[in-house]
Structures are given as structure tokens and as C-alpha cells.
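Model the full structure from these sequences, guided by the hints.
Respectively, the protein sequence lines represent chains A and B. Numbering-wise (numbering that gives the first Met the number 0), the first sequence opens with residue 0 and increments by one. Numbering-wise (numbering that gives the first Met the number 0), the second sequence opens with residue 0 and increments by one.
You may find that some hints are simply not true.
Said to hold, decoys possible - Quick partial rundown of chain B residues pointing at chain A, CB under 8 angstroms, derived from the structure:
#1 I7
#2 L10
#3 A16
#4 R18
#5 L37
#6 G45
#7 A84
#8 P88
#9 V108
#10 G114
#11 L133
These are computed hints drawn from the structure, not numbers from a lab. Beta carbons: idealized from backbone N, C-alpha and C, even for Gly.
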Amino acid sequence: MTPSALIEESDLHALVDGELDPERRRKVEDHLLQHPEDAALVEGWRRQNAALRAAFEPVALETPPLSLREAAARPPAPPAGQGPIETGAIHWGRPGAAPRPARKLDDIRASRRRQALASTLLTLVAGATVAVAALLFLASRPPAQHPTLTIAATSYASRAGLTYATYALDGRPVEIDAAHGGELLAWLQERVGFARTPDLTGVGLRLLGGRVAPGVASPAAFLVYERDDGARVGLYFERADAGAAPSGQRGQGVSVIEWRAGGFAFVLVGVMAPDAMQAAAEAAAAAVVAVPPEAK
Amino acid sequence: MGRRSDIIAGLGGATPALRRYARALCAGAGQAVADDLLQSALQSVGARIRSRDLRPADLAEARIETYATLVAFAEKKLAGAPGPASRHPPIVHGLASLGFDERAVLLLVSLEGFGYDAAARIVGATREAALARLMRARAALGAEGLRPVAPLEGGRRAASHLRVVK
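Following this line, the structure appears as C-alpha cells:
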């Protein structure tokens, strides 16, 4: 980095962080025009910021657990070993009254212990009863076929199908069209954390553009392609945990092909013939793992 | 009285952002660790406001105090915490490789959008010291490995991963 005599490195950081007044900002921006190496630094830091937001913004979009939402309003748990409130009430309840004899206090405590023990036993018995009833009920039913797998795995494909139904056939299917590819890529990179617009012209599909759409767990990207005869295909992707295997989904008149690559779930959705969809999916799958042809 | 309870209730609305910060500060050490830290910080700040030990003028100040408490708790708790798993994106590994002080300031400015003065106040440093940490953090993080997805395999192999759902 070669900050000029007037512009220091801290000014470059302040530019990125919005800490400059308008006049100073103009000077720093002029400096960047003449010093591409510093402009590259600034661009790098902005990319760091975008990567940080892409990685952690989904956390802020989740609904926090109730324990956190109410944590500030709730007093912390009392320290262990603090005596029961009733003990104090016995002494302070009536001014001037003689304290109860210690023996009586012991009786009260013993009685409380008995009550606690009885209540625990009752709870255990009730719990066991419920468990036995549940086991009998479950044993009387036919076994479900991998219920958790089905629920977890259908979500990407079903979300992609919903996104396709919402946008692909709409009069305005995309937010940013293919003519503004750089803008679209920057947007997807920032919000989704991955930006690639596979070229599917080899299989007769022209990119119309794309948008950020609601995903299963985080913002998703949805690209729309069109064939000369007007058939449209959507390519959906969002960050996914690597490893979990995808599974089947009931589509509604559309073909759905799902795959995973590089920590993302990709789903191609459309109403073309299965072999045409397969070819398109193969082209897209190859394109998304290939090194990007252009930097932006 | 009413104002104190309003501020405490307002902290509930700030929880999603605080949770984002806690998760990033833990740099892959785990959701449970981050949520526990935040819960302790929120409870501590709530209790101090109720007991008038802390008298924030408004919600913004209470929010800054909560971030400060979270940073203080995290610094103790995260010493020796496990690093991120391989499934985490490169940026998380980059964060984990930073010193705690650098990471705390970088995230306050870059992720949470705090100005330099507020960030310095939260980490209990001067503005110059906080800026120096920010500069060190950005230099150490570099531009390496910021691409969220590295090409993992060749295009030919990708086709075998396709699954026709319908």
C-alpha cells in the first residue's frame, strides 16, 4: 500500500466504514482513482465485510429462543444453597412474635422433604405410564418410512418448486436481468454467499436474470432461464450443510433435479422433458463447480 | 421506573443482532456456546439495570453495555474453545485465526456497523487502539479464501451427484 502524503491507511479504512466527512471522503476517493493498489485494498476489505455478513446475517434473521428474548427481563437464578423463603417468613411475619422452636422448623423441613419425595415419585409413575401408553400406541402402528429424512430432505426441492411457481411464470420473473450480470453476481454474493450464473446456451437455455428469494434456512438465489419456445427453467441454490443426502419430493407437473456441490444445495426446476432437464442439470452442475470465467 | 423496564424490554428486540455478533465472535466454537454467553450477558445487564447499578440514558447505551458485557464474558470463556469445523466457510476459519481483540473490533465495525467510537467503548480501548486492532485484523484476514465456495471437484463428477427428484 502506498498512501500518499495526505491520505493514510486509516483513511482508507474510514472510507470503508463510513467514518469520513463528505469532503475528506471525496479526497480519499480521488486518491483511489490514482492509486489502484490502494483501491484494491479497499475493495478487498469490502469483500471481507460482505463475506462476514453473508456468513452471519442468517443468524440475525432467525427467531432467537425464548430464553434469550427474555433473558434481560428475567432475574438470574438464585445461587445454590439459598434457604427457602418460608424460613424467613417465620421469623419476620409478625413483629415481636417469638420465633418458632428449632424443633418445629425441623419438622416443617422434614415434612417438606416428604412432600417433595412423594411428588417426585408421583411424577415418575405418571411419566412411566405415559411412556408405556406411547410405546403401545406406536407398536400398534405400521412403521413409518424414514420420516425425518423425508421431512428434512424435501425442503430444498419443495422450496425451489414454490419459488418456481411464484416467480418463473410471473410477468416479471427476475429482479435483475442478465444484461446487468455484474450487479446480479454482486448481489447474490453478498446475500447468498455464492454467485455464479451458469451459461446454459449449449442446451438452448438463455439466462433471463435472477433474484434473491426466501430459502429454507437462509436467503437463496433463484436464476431463471428461457428456451426459444418460451419454456422456463429455474435454478435455485442456497447454503446447505454438506453431507446430508437429498431425497425425493412430490412435484406438481414440473421436473425437479437436486444436487449438492461445495456446501450448497442446487435445484433445477422446469417443465421440460426429463432428458432435456437432465442435460440442463448436468450443464449447470458442471458450470457451478468450474472456475469462474470472469472475475465479476 | 417505566423507563428502566422499557430499556430492558427493548434489549429483547436487540437480541437477534447480539446473537449474530456472539455467533461470529465464537468463530465456529458452536451455537450453544454463543447463546450461553449472550444469555449470561443479557441477564447480567438486566440485573444491573434493575438494581440501578447501571443507569443507561437510553436503549442505545444499554445495547452498547450489553455488547461490552458480551465481549468481556466471551474473552474469558473462549480461551481454549474448539476451533471451527471443516464444514464452516473460509471466512469463519479466518476469524478463528485472529486474536480475540482483533476479532472483537473487526466484527463490531464490519458486521454490526458500529462507528469507531462506539466500538472502542465496547472493547474498553481508545479509538486509536481500536482502529489499530481493526487494521491488524483486516491485514491478517487478507483476501485469501474469501470465496465462499471453492471448486471442489471436476465437472464430470458433478453429474453423478444429480438426483432426479421428480
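Taking the hints in turn, this is what the structure says about them:
Among the interface hints, the one on I7/B holds; its C-beta lies about 5 angstroms from the nearest C-beta in chain A, closer than the 8 angstroms criterion. Residue-level restraint check for L10/B holds (minimum Cβ-Cβ distance to chain A is 4 angstroms; threshold 8 angstroms). Taking 8 angstroms as the C-beta cut-off, the interface hint given for A16/B holds, the closest approach to chain A being about 5 angstroms. With 8 angstroms as the threshold, the beta carbon of R18/B comes within range of chain A, its nearest partner Cβ sitting at about 5 angstroms, so the hint holds.
At about 6 angstroms, the closest approach between the beta carbon of L37/B and any beta carbon in chain A falls short of 8 angstroms, and the interface hint on this residue holds. Hint on G45/B holds. Least Cβ distance to chain A is approximately 4 angstroms, under the 8 angstroms limit. Interface restraint check: A84/B against chain A, minimum CB-CB distance 10 angstroms, threshold 8 angstroms, status violated. The restraint placing P88/B at the interface with chain A holds, with a minimum CB-CB distance near 5 angstroms, inside the 8 angstroms limit.
Among the interface hints, the one on V108/B holds; its C-beta lies about 5 angstroms from the nearest C-beta in chain A, closer than the 8 angstroms criterion. At its closest, the beta carbon of G114/B sits 6 angstroms from a beta carbon of chain A; the interface hint therefore holds under the 8 angstroms criterion. Proximity of L133/B to chain A holds as hinted, the smallest CB-CB distance being about 6 angstroms (cut-off 8 angstroms).
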